[in-house]
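Q: Given chain A's structure and the hints, the job is docking chains B and C onto it.
Chains as they are written, first to last, in my numbering: chain A, 1 to 207; chain B, 208 to 1048; chain C, 1049 to 1447.
Treat the hints with care, as some may be off.
To give an idea of the chain C side of the interface with chain B (calculated C-beta under 7 Å), a few residues [unchecked claim]: (1) T1244; (2) S1349; (3) V1389; (4) G1400.
Simulated restraints on C-beta separations [what the hints assert, rightly or not]: (5) P317/B / A1193/C: 58 to 64 Å; (6) K1012/B / N55/A: 31 to 37 Å; (7) G969/B / N55/A: 22 to 28 Å; (8) D859/B / E187/A: 27 to 33 Å; (9) P86/A / K1285/C: 56 to 62 Å; (10) T57/A / G878/B: 47 to 53 Å; (11) Q122/A / P1161/C: 19 to 25 Å; (12) D343/B / D41/A: 37 to 43 Å.
If you're looking for bench data, these hints aren't it; they were derived computationally from the structure. Yeah, the Cβ is synthetic: ideal placement off N, Cα and C, and Gly gets one too.
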Amino acid sequence: MTRYGFVIDSKSCISCHSCAVACKVENNLPDTIWWNRILTDGGPNMDTPAGTYPNLTIRNIPMACQHCDNPACVKVCPVGATYKDPETGVVRQDYDKCIGCRMCMSACPYTGVRSFNWEEPQYAIGQPMGSLDIPQHQKQVVEKCTMCWHRLAQGEKPACIDPCPARIRFWGDFDDPSSEVSQLIREREYQHLLPEQGTKPSVYYLV
Amino acid sequence: MSGTASPQGGLTRRSFLKTTAATAGVAAVAGGVVAPMTALAEGTAPVTSASGEEQVFRGVCRPNCFGFCHLNVHVHDGKVMKTTRAPYNESCYDRICQRGLSHVQRIYDPKRLQYPMRRAEGTERGAGQWERVTWDEALTEIAGKIKEIQGKYGESAVAFLTASGNQAAGITSAYSRIIALLNASNIGPCLDMGSYYGMYAVAGNYVSPLMGMMMWNGNEPTDAKNAKSIVVWGANITDAQIQNWHLIKEAKAAGVKLVVIDPIFTQIASQADKWIPIRPATDTLLKLALMRLVIEREAHDVSYLQQHTVAPYLVRSDTGKFLRRSDTGVAPTPTGQTDATTGQEIMLDPVMVLSGGAIVPETDASAPEIEGTADFEGVECRTAFDLLKDNIMEYTVEQVSELTEIPVAEIEELADIVIDGPVYHYEGYGPQAYNNGGQTTVAGLTLCALLGNLGKPGASYGAFWGIGLITNIAAAQYTAPKGPSTGFNIASVDLKNVVEQKKFQGKDADIKMLWMYSANPLNTHTDTHAWTDVIIPAMDYVVTADSALTDTAMYSDMVLPVAQWFELEEVANAGQCSSYNYNEKAIEPLYESKPDPEIVAELAEKLGLGEFFTQSTSEVLDSLFSGPIATAVGASMDNLRDKKQVRFIPGDAEKKPYIAYENGAFATPTGRFEFYRETPAPRTPTTKTPTPEQVAAERLPHFEPPLEAWPENPLYDKYPLVLMSERPRYRVHSQWFSTPLLREIDPEPIVKINPADAKARGIEDQSYVEAYNDRGTAVAKAIYSEAIRPGTLVYPKGWQLSQHKGGGWSNLSSTEFDVWIVNNNFMDVLCEIRPWDGKDN
Amino acid sequence: MTERTASAPKGGKGLTIGIGVCAVLAVIGVALWVVQLTGGMVQTAMRNLDSWGLYITMFMFFVGLSAGGLIISSVPKAFGIKGFGGVSKVAVMSSIAATVAAIGFVVVDLGQPLRVWELFAYSNLGSPLMWDIIVLATYLVLSCAYLWAQVQAERGKVSATALRVISVVALVCAILVHSVTAWIFGLQQSHEMWHTALLAPWFVSSALVCGTGLVLLVAIGLRRAGYLALEQAYLVKLAKLLGAFLVVDLYFFGCDLLTEAFPAAGGLAVVDMLVSGPLAPFFWGEVVLSVAAAVVCFVPSLRTSPLLALAGVAAILAILCKRVQLLVGGFQIPNIEWPAVMTPSTVTNWQGNLEQAYAGMVYWPAPIEWGVALGVVALAVLIFLLGLKFLPLKPADGE
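Same shape as in the complex, but just chain A (with noise of 0.2 Å):
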């Protein structure tokens, strides 16, 4: 089978933003939604370090949907909005079918990558912005990383790999040993984020 998902190699991870960014702007994401953020184990602060000065460490941590294996969020969905794609391992939303009840968010360990359409999808710009494949926001439903889906159907990467000024975004097939996100993780170590919630992440941190 295909297992799709993400290597990061968050130890060289800058916090720039442009995986969010390029996110935001593929996806036309609404004002105030992030699917991807880029969060800072450090200080009590984004962008600041723990410790005191001058004895400092920060590490930054790019965060989206997880694509769980065994995903938290698939279970509790009442009406299947929320499923897990078998042919390629991607955790999908259907944004119809979602009634607004919030269990996925609830139920997802990877605090805030599920957000909610609070209100009507708002632009800023007042135009669609980035892919035009992309499926239409809708009030009142549940989001997140589709792993740009509409592009993978296309044969492209998720909008998000490229873009990494740091180069350390990798995107491709676990199931495929010669990939080269298999072969990142055979040779680097790596860590999933919260591994003890037992969900099986197909994004792996490199350390």
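A: Quick look at chains B and C alone, frame taken from chain A:
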């Protein structure tokens, strides 16, 4: 399973892709098809019907962050949908960043200027009251004002000011042409010129055979991997030259050690093998201490010093000049070569050196002594190296340790690292942002010259960014058809003085009109009050051409909406891959906006100069990038349109990275590395003149305290915090200031403060504070950050005054400048900070 | 029926006013719900990191309330023991009303209520929410049937055996409904506070506490209003039962706190949050109210009608406190607390940093939520009052 066919009709990756593509195609027509892979057809209708063809144009993002990155501009139905990374000829340069990705929101920013606007009658400048006018009204009024002011105060009373907001050949040449034709004055930028000054002072201005001039010379970043260590001096690469980070990262992965010297724990400091926190404005001292250790350990490269530097040159103690053969009575001899710039024949008058105890012309000594004193006709002459040593030995390592607040052991360890070359030194614009900033580059380059750490793979000092000169050469005629302008060339940082003194370089100077383009000096230059309180009030008329209502536009009498980058064909002739970068026109200019060259042409028509502006911008580009030199270096317009990117310096980023100062060649008057200069000259003439003491001091690397940010300054008692700035991650200079999606990440002005400093002042995290000094105030949200050195504040630049709850960052800085560098002292600023009382003071 | 209404006791006027007030409040609630839907749920205080709020708190609470009445009513019948006086039908009526409120709160919480039909078309039977919907619907139907059966039994049209069968089924369903509601939360590994096997039995015990409290309160109230006559002994019996339930509930609470705190690991944060953190008022509120109610129930001299009524109120409020702790507490401790971009969609208090957003209660309802919630509660009370007015809920002679 991948790659194998499944008997159950389960889909392999390939078949999935095929199926989905097909499904997508069918779904668009049939509106839902039952297929094994129904995902894309699932009811979720696309935003727009994918009927129209998407077109992709090449764009160049050019806010002068150093990058000048190539982008794909995706256009559908005449509208930009997105910008994505475009390929370079050398794939190591493929890049885009958060700003480059957000162009669609910059182009269609609801706050974009849409039509010409005149300050409403009866309102003050800056009041923000506007009335819409037509282009014809606007340009007629401007032309009238130009004629009136030039008639009344002389031609030079009209001045044009620019910076780097849209650095491209067509725009630059159009303005240059009108300035020359009007004999108008030119107000030149003084932004981050310290490194440039320091570099050309000691190492010269390098112009490549391909006619590229390195503004900030250094080995190509792809060469960093050839070093043993990378030493980063005050360069916030991970924010300011984000495109270089992966090259540093790859070098590091290959075993190169990364050392970062910075007062602030920047992202790159966090990535470093060694971070050396340093007191602001003391980098030159640290370099002097390193040089001292180099000499004490006798680690200096004598042969390099002999052959490629002025080390052996004898310096007369009476004049400070080099002792030359002509001083011994031998007249200079003709060389038969002509100086390209002066047209005069070059005469040979070698400098005298010591060889075997005798004073001989350098041409006669293969290994001249670098140390020694000689008596020449009663005048003591010492080698330049000895003089350098005197300066180096002025401070002990212990003294430097105290002043830089770096432990002696750290300095010793850093000396080990810089001696164990090759070392790739990367200097940013942090250290040069103080009044003493030029010397930091002088000292850094001299340190490398001492070690012979220049001109070799992995051995470098500087950065890497240049300008292509083809247009300057080929278009000298274009830009000045009736000869160069007779107006003044005034440094922007000196403009306030000129306006107050009404004198410049011994002549009456009465600037009465300002036209500002590709620039926002009220915001990105120092001392906003100098502009709002002195310069602007002295003007009879102020015009700003911009695509946004910047601080500068706010204080103008007429604001002209300009087309943005992807709305006209251009060649961006600068940047950090030292290439000409071709920008296609992707869409029509939005609303009523016009490309700058068109505005200039239409204005010229009204001024009776229409005959000089009959060509379209594309035709102008065709003529600028034509002729034998352009063709010879591959910079013809045809080639540019075809290749999109054409290098103007030698080498190949991947196979043979450019090496600066290769073979010990320096574009200095002596051809050698001149850590000793006979005749230091200011970067540009100003209302100030250097004193003889300043001249004497400037000849050699030396340390002077910064003007303000120094503990001995009595002002420190009142204003104990050094106000530093950082290249904003979500703007470049002040561009993108209102781009909606970036404002979601970074909604309002902030100031980063060490929690200890904050708590001592009763300032809570995320609360509004007011930074203030005698010059002005700025209100921003305080962000606790341990990355900030106690005793300093750091603010990201580029917020407009209207975006602050009170004041603005540039209100606190001054127009004081160093007589040599003539630079904005962005960080040479002291202030205090307090919780904000809610009033806009 | 009309006959009975006509012969309604003197409280009739008050009842009518009550019905009128509740009807008005319910209508206002519906109007506000329409406002919420058209203007968007952005008008609530719920956000991505605190994606459930008052509505789901009240949902939990009302599920609890609904159980009590039915269990009180059905246990005696199911086990063939002497009942709690004539409150049986009133108790069931209160269950029905509370169930309607519980369902109402789920509905007003939905982003796309018009798609509720999908629950039946695309049911994901693996989802605890789906289980709950099925059980709740069954429960509502069963409660109605049970009430009907009681009435019919009184008229001799349903045999005692049949009634007993129905009461057994209703009892099982009541317990299920609590367990399943608990599982909506307790099966989520992502919220440490919720993820405990104890949650289901604990929900049952909490339901018994507030359900009994409600029945006690209603009984005293109706007796005072002259709607029904009850011997004090019945009330004492109810009070003893309430006391026992309170002790069991506190015992579960203690077990849970000890289990969370003892390893001095992640769970300690939960205990800290409850005992001394943002949710401390609700924690201590629950403890104090529970203990006070228990004392009243167990000390014979305190079992006066007013005090017993107060004990009922205290028990109900204690469980409301527990529901707030559970719901807000579940969101109060994020799994990933690394700061990132904050927008108005992120969290209720988004304008500072994440730490500040969690410094107080991460969530506090917005005015519209109070309004809609009041409307839903009013609807439930309305149903209950209508039941009192129009249904033969008075004890049959001899019971």
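Q: Each hint: holds or not?
A: Status of the hints after comparison with the structure:
1. T1244: 34 Å, violated
2. S1349: Check failed: Cβ of S1349/C comes no nearer than 53 Å to chain B, outside 7 Å.
3. V1389: 5 Å, holds
4. G1400: 4 Å, holds
5. P317/B / A1193/C: 58 to 64 Å: At 60 Å between Cβs, range holds.
6. K1012/B / N55/A: 31 to 37 Å: Roughly 34 Å apart at Cβ, these two residues keep to the hinted range, so it holds.
7. G969/B / N55/A: 22 to 28 Å: At roughly 26 Å between Cβ atoms, N55/A and G969/B fall inside 22 to 28 Å, so the hint holds.
8. D859/B / E187/A: 27 to 33 Å: 29 Å, holds
9. P86/A / K1285/C: 56 to 62 Å: 57 Å, holds
10. T57/A / G878/B: 47 to 53 Å: Distance hint for T57/A, G878/B holds at roughly 48 Å.
11. Q122/A / P1161/C: 19 to 25 Å: The hinted range 19 to 25 Å holds for Q122/A and P1161/C, with Cβ atoms some 22 Å apart.
12. D343/B / D41/A: 37 to 43 Å: Violated - the Cβ-Cβ distance for D343/B and D41/A, about 59 Å, lies outside 37 to 43 Å.
Checked against the numbered hints above, the structure breaks hints 1, 2 and 12 and satisfies the rest.
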